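2 protein chains.
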Amino acid sequence: MKRERIEEIAELLDKRGKLTLEQLDGFFPNVSQMTLRRDLFQLEQQGRIIRVRGGAMSVKEVQKVSGEPYTKKTTIHTDEKIKIAQKAASLIDENCSLFIDGGTTAMYLAKEMPDMNVHVFTNGLAVAIELAQKKNVHVTMIGGQVMKDNLSTASPVARSYFENTNFELAIISSTAFTPEYGFSCASQIEADLLKMTRAKAKSLYMMLDSSKIGKIMPYTFAKVEDIDVLITDDNFPAEMKTIFAQKNIVVM
Amino acid sequence: MKRERIEEIAELLDKRGKLTLEQLDGFFPNVSQMTLRRDLFQLEQQGRIIRVRGGAMSVKEVQKVSGEPYTKKTTIHTDEKIKIAQKAASLIDENCSLFIDGGTTAMYLAKEMPDMNVHVFTNGLAVAIELAQKKNVHVTMIGGQVMKDNLSTASPVARSYFENTNFELAIISSTAFTPEYGFSCASQIEADLLKMTRAKAKSLYMMLDSSKIGKIMPYTFAKVEDIDVLITDDNFPAEMKTIFAQKNIVVM
DNA sequence: ATACTACGTGTAAAATTCTAACATAAATTG
DNA sequence: CAATTTATGTTAGAATTTTACACGTAGTAT
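Top line first, the protein sequences correspond to chains A and B. For what it's worth, the working numbering labels the leading residue of the first sequence as 53, then goes sequentially. For what it's worth, the working numbering labels the leading residue of the second sequence as 53, then goes sequentially.
Treat the hints as calculated values from the structure; they're not laboratory data. A few of these clues could be false.
Identical copies carry no separate label here, and so any pair may be met within one copy or between two of them.
What the hints assert, rightly or not - Capping the alpha-carbon separation at 27 Å, the derived lysine-lysine pairs in DSSO-like fashion look like this:
1. K54 x K299
2. K54 x K267
3. K112 x K70
4. K186 x K200
5. K67 x K247
6. K252 x K163
7. K252 x K67
8. K267 x K247
9. K70 x K186
10. K139 x K275
11. K187 x K299
12. K264 x K54
13. K299 x K112
Everything numeric in this text was worked out from a predicted model, so none of it was measured.
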């Protein structure tokens, strides 16, 4: 009764963004305003809502409002990335250990990932924080120098992290791809890190939104044949698909 | 005057996360509460803050995904922690390399730290992100298993990070202290990490807000004589001061 | 069964905070 | 310099929130 009501309130707030106490009272005629206040208080304690004068608002709603340097980047091609992330999330099995990189697409993957018992390694600060919200997900942060532009880490020392670690699966994303040069990125040490994941992971899934096709960055970290699955969006060109299909790589 | 004041309010809120009108009134003694209310109203219109009963909170603060509920974080001994953080920040020299832990006090230190050329190592995810906003600060994240409750990392593997690293200075904070048991924390591996900082840092500064005095946690990571400077608040008991003074430890 | 306890809930008064309205002062403009 | 806008101060009243206490229910121990 109480638990359910509180959940309902939280859902309502997530949907509507903001509600006054009067509106809430309308939704729950069988309880008093005081009870609703107490519910809101609890939800506030949990950090799920913010109580404002007159009612409350959903934290998620506030988080949507953009502005930060990191979130700026995330507004570009958001829809495609979310779709890619959803596909990727559906491929993750319970009780497995996997690596996720620190890019924006990976960030969406972290958000979409179900709260189940998996062990995730990542070099993305924002990814780690997002995953840490989930009760059942074990998160390990790969340390290293923090790159300010994408809030992920890279470092030669990371090698020692990987030495005694094996992943079932690595899901990484790329900022650039051409068939000739493969998947490439801007930073040498980041490329090193991503190469290492290839060595340590049983399977490698690549997330690539189609806007990255045709771009070349200085450091190639994977060739076409290095990956096992390519996860992309609907705008992915048919001729590209054949390139991957020829090497028996699943494109989805 | 108005424009500047509003900017100042916004900055204050970004730093402290949340402020009551009374606190704001303290910062701006020459204007009335009504004026401040109007300022807050404008900032709310711009979407930069959220007005809550009693005051307002920064939108940025909410957007930052963080482990603990906002209310708790922003209400418990905030003022003391900020003062401690300010003191600590004033002790940091340009061009030095230092370690900062991942606690909430350290978080405030990160916010207060001037944007100058230093190299900071930390095991706090939120601390790293906060510092990454500053152009001139180099940040290195110590990797490891992410602890969900305080968003910091710890891991035996971290040892390899420290092997080739020396800090001018380590500024860490403690969740518990008694003269007999020293500084202690709840997690074994966290204690290990903090002990390592002692070994690697030329100086060790400890931030301790007085509410932590008399508490004991399972794992001691430093004794009184291990530290060089104790940074605390005004409520720090005089008899404690003498204990530190006897061992020639600076208390400030 | 009885009493005790913990929990969720309701009620209403008290406290706090917010708004609105008007008055005053400062700044800007023609 | 007057006129108009803009910023600020003051107050009373409105609205919201908190506090304190009372009630009922369910579970538990005596």
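To see whether the hints hold, each was checked on the structure:
no. : hint        : in the structure
1   : K54 x K299  : neither (51 Å within a copy, 55 Å between copies)
2   : K54 x K267  : neither (46 Å within a copy, 35 Å between copies)
3   : K112 x K70  : both (10 Å within a copy, 18 Å between copies)
4   : K186 x K200 : both (25 Å within a copy, 9 Å between copies)
5   : K67 x K247  : neither (30 Å within a copy, 39 Å between copies)
6   : K252 x K163 : within (24 Å within a copy, 37 Å between copies)
7   : K252 x K67  : neither (31 Å within a copy, 41 Å between copies)
8   : K267 x K247 : within (19 Å within a copy, 47 Å between copies)
9   : K70 x K186  : both (21 Å within a copy, 26 Å between copies)
10  : K139 x K275 : within (22 Å within a copy, 52 Å between copies)
11  : K187 x K299 : neither (39 Å within a copy, 44 Å between copies)
12  : K264 x K54  : neither (40 Å within a copy, 35 Å between copies)
13  : K299 x K112 : neither (42 Å within a copy, 46 Å between copies)
Of the numbered hints listed earlier, those contradicted by the structure are 1, 2, 5, 7, 11, 12, 13.
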